[in-house]
Amino acid sequence: AYISIFFLSCVVIAGVYGAITVSKKIFYVQGMPALIALILLHFI
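Residue numbers for the sequence shown follow my numbering, so the first one is 28 and each next one is one higher.
Quick caveat, the hints were computed from the structure, so don't treat them as lab data. Only true hints are included.
Cβ-Cβ distance ranges computed for the label pairs, FRET-style:
{"no.": "1", "residue 1": "Phe-70", "residue 2": "Val-49", "range": "26 to 34 angstroms"}
{"no.": "2", "residue 1": "Ala-41", "residue 2": "Leu-67", "range": "18 to 26 angstroms"}
{"no.": "3", "residue 1": "Ile-71", "residue 2": "Thr-48", "range": "28 to 36 angstroms"}
Think of the CB as a built atom: it goes at the ideal place given N, C-alpha and C, for glycine as much as any other residue.
Use the sequences and the hints to build the structure in full.
Spelled out as structure tokens, the structure:
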């Protein structure tokens, strides 16, 4: 479980960084699904 939290956090951070530097669409395509998965993983 800790490994999946780590890698999903890395994907969220990469999505936020891409949204800041390149395009906001990157956050919606990459960061948002990872953020939803992190939230679901926390409650399951």
